[in-house]
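Colleague: Sequence:
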Amino acid sequence: MIGGGLAALAALALHALMDRAWPGSARFALIFPTILLSCLVLGRLGGASALFTGLMGIWLLIMPSRGDLSAMKVAEAVSLLTYLASGALVIVVTEGYRAISRQLLQERDAAAARKAAEDARFADLFRNAPGLVGIYRGQNLVVEFASRSLLACLDRGEMIGRSFQDMAPETDPAVLALMRRVLEDGVTFEGKQVSSPLQRAGGVLEERYFDLLFRRIEPSPTGEARLLVQAVDVTEEVLRRQESERANQQIKAVLEEMPVGVALLSPQTHEVVLYNRAAVEILGHESLGGLPSDYGAYGAIHADGRPYEPQEYPAARALQNGEVIVREAMLYLRPDGERVRLTVDCKRVADVTGRPLVVCTFTDVTALHRALDGKTLLINELNHRVKNTLATVQSLASRAFSQDLPPAAAREAFEGRLHALSQAHNVLTSADWRAASLLALIEGAIAPFGSERFTIRGKDVDLRPEKALAIAMALHELATNAVKYGALSAEAGSIDIHCDDHAGARRLTWREHGGPPVVAPATTGFGARLLRRALAQEVGGEIRLEFAREGVVCRIEGL
Numbered sequence: 001m002i003g004g005g006l007a008a009l010a011a012l013a014l015h016a017l018m019d020r021a022w023p024g025s026a027r028f029a030l031i032f033p034t035i036l037l038s039c040l041v042l043g044r045l046g047g048a049s050a051l052f053t054g055l056m057g058i059w060l061l062i063m064p065s066r067g068d069l070s071a072m073k074v075a076e077a078v079s080l081l082t083y084l085a086s087g088a089l090v091i092v093v094t095e096g097y098r099a100i101s102r103q104l105l106q107e108r109d110a111a112a113a114r115k116a117a118e119d120a121r122f123a124d125l126f127r128n129a130p131g132l133v134g135i136y137r138g139q140n141l142v143v144e145f146a147s148r149s150l151l152a153c154l155d156r157g158e159m160i161g162r163s164f165q166d167m168a169p170e171t172d173p174a175v176l177a178l179m180r181r182v183l184e185d186g187v188t189f190e191g192k193q194v195s196s197p198l199q200r201a202g203g204v205l206e207e208r209y210f211d212l213l214f215r216r217i218e219p220s221p222t223g224e225a226r227l228l229v230q231a232v233d234v235t236e237e238v239l240r241r242q243e244s245e246r247a248n249q250q251i252k253a254v255l256e257e258m259p260v261g262v263a264l265l266s267p268q269t270h271e272v273v274l275y276n277r278a279a280v281e282i283l284g285h286e287s288l289g290g291l292p293s294d295y296g297a298y299g300a301i302h303a304d305g306r307p308y309e310p311q312e313y314p315a316a317r318a319l320q321n322g323e324v325i326v327r328e329a330m331l332y333l334r335p336d337g338e339r340v341r342l343t344v345d346c347k348r349v350a351d352v353t354g355r356p357l358v359v360c361t362f363t364d365v366t367a368l369h370r371a372l373d374g375k376t377l378l379i380n381e382l383n384h385r386v387k388n389t390l391a392t393v394q395s396l397a398s399r400a401f402s403q404d405l406p407p408a409a410a411r412e413a414f415e416g417r418l419h420a421l422s423q424a425h426n427v428l429t430s431a432d433w434r435a436a437s438l439l440a441l442i443e444g445a446i447a448p449f450g451s452e453r454f455t456i457r458g459k460d461v462d463l464r465p466e467k468a469l470a471i472a473m474a475l476h477e478l479a480t481n482a483v484k485y486g487a488l489s490a491e492a493g494s495i496d497i498h499c500d501d502h503a504g505a506r507r508l509t510w511r512e513h514g515g516p517p518v519v520a521p522a523t524t525g526f527g528a529r530l531l532r533r534a535l536a537q538e539v540g541g542e543i544r545l546e547f548a549r550e551g552v553v554c555r556i557e558g559l
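Residue 26 in the UniProt record's numbering sits at position 26 of the sequence shown, and the numbers go up by one each step.
Derived by calculation from the structure, the hints in this document are not laboratory data. Fair warning: there could be bad hints in the mix.
Label pairs and their computed distance ranges (CB to CB) [to be verified]: (1) R114 - D351: 33 to 39 Å; (2) P267 - E245: 17 to 23 Å; (3) E170 - G223: 29 to 35 Å; (4) H369 - E286: 22 to 28 Å.
Each residue gets a CB set at the ideal place from its N, CA and C atoms; glycine is no exception.
Make a model of the complete structure from these sequences and hints.
Modeller: Take a look at the structure:
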């Protein structure tokens, strides 16, 4: 109302001046100042004041200078109507403008309120963020904001307004330098599993690991640069990984010492993640791959020689179908061309972190199969030898006890031949029945008869088992004959045994000296028949027996 009154007074003063200067219709020149003054009041005070001002202006305009209302002319009436219309238009426009202004102000206030609420919400989110969040300003890294988790982690009391370096002096200087560099150049830094010591209660330093994010944000109201720091404590994850790596190293060390091949494969990628030295040595490959495209480099083959298809390999079946493979036999062709026999086991397991793996082990059983084959061969050979030995014993017994000899003499002859057979078996057994030394056979055969009366000359030679047994029996028959009738029956008698080459083959010569004069027997006894027929057949050569007067001579040819 005060504004309206002032406007009316101003209009009255202007009216008086104008009426004095320009009497008559000239006073309507006050239309525009009055309208402008009304607009000014309208914008400052409100609709009631503007209406009061307008009415005062109308009253001043229509009031004649001498107070005679009838003196108004038609032109003045038109001017008055124009004034009223203009004033009404101005009031409508200004009221609309005021309404729009009011709406804009309300919207601005609402937007400001929403922003304040959003800022408060974000601040609350940052404050309650699970990570360690802080905002620092200036090169001194003064704390402007700290999340509750950061406050709890550092446990340094009130942090706001304090320098981070002074508050946490144990922080790695390199980390502090990095924070300041990001403040200066604005280049965001992201670091994974960054090691930094953290001081706990009692001054104990604990090594912790963090995923870090350093980012420069808008300056503070004072213009200082500000830094947003986000840190996530990943210490437990790092320690678990380190423990897993240590466990893997221990497992790998154990695997390297195992005599069987071991390979660990990932079911997700089918890659071989770990294998030991034995796996490389058994398969003959410098490195192992587990992808389906790698199976072509391996050499598993079927009994008919066909190579395995990739899906036929035990590892592929365990990876794709979860099949458990137990001691599956496999014939494998190594890169060097050697064929080996393997037994393969595959099974799904989990490592210490719970990660699924497929473990495949393979054992080289080639030597075992060879041993089994050798055992079978040995059993067959033993059966053959036992049968031959029994046949020999049966023949010796039949011959010894079928002659017209006293039982004691027959028994003595039989036992002597059995002993000679036993000595030959001992020589062969010491050589695993592969071959027997001729000199060893001779020494064993003459030992019961006093070896000092024998002279052995010539080079040694290895004999097959069958031939060695025949030679041992022949030497026993000759020595027994020498004791009874030949050189060994006389004190001065001796025997010379010589081994030499004759007609491209070995020849053994038995020659007696110093015994009684030899007389050829009228009939052929068992010993002579054994030498000339059975033993000659076993030797595979010829046995010549000569009854020279100075001593018996026996030549065994074709050794």
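Colleague: The structure should be examined with respect to each hint, and the outcome stated for every one.
Modeller: A quick look at each hint next to the structure:
Between R114 and D351, the C-beta spacing of about 53 Å breaks the proposed range 33 to 39 Å. A hinted range of 17 to 23 Å holds for the C-beta pair P267 and E245, which are about 21 Å apart. Between E170 and G223 the beta carbon distance is about 31 Å. The supplied range of 29 to 35 Å therefore holds. At roughly 26 Å, the beta-carbon separation of H369 and E286 lies within the given 22 to 28 Å, and the hint holds.
Consistency note: the structure conflicts with earlier hint 1 alone.
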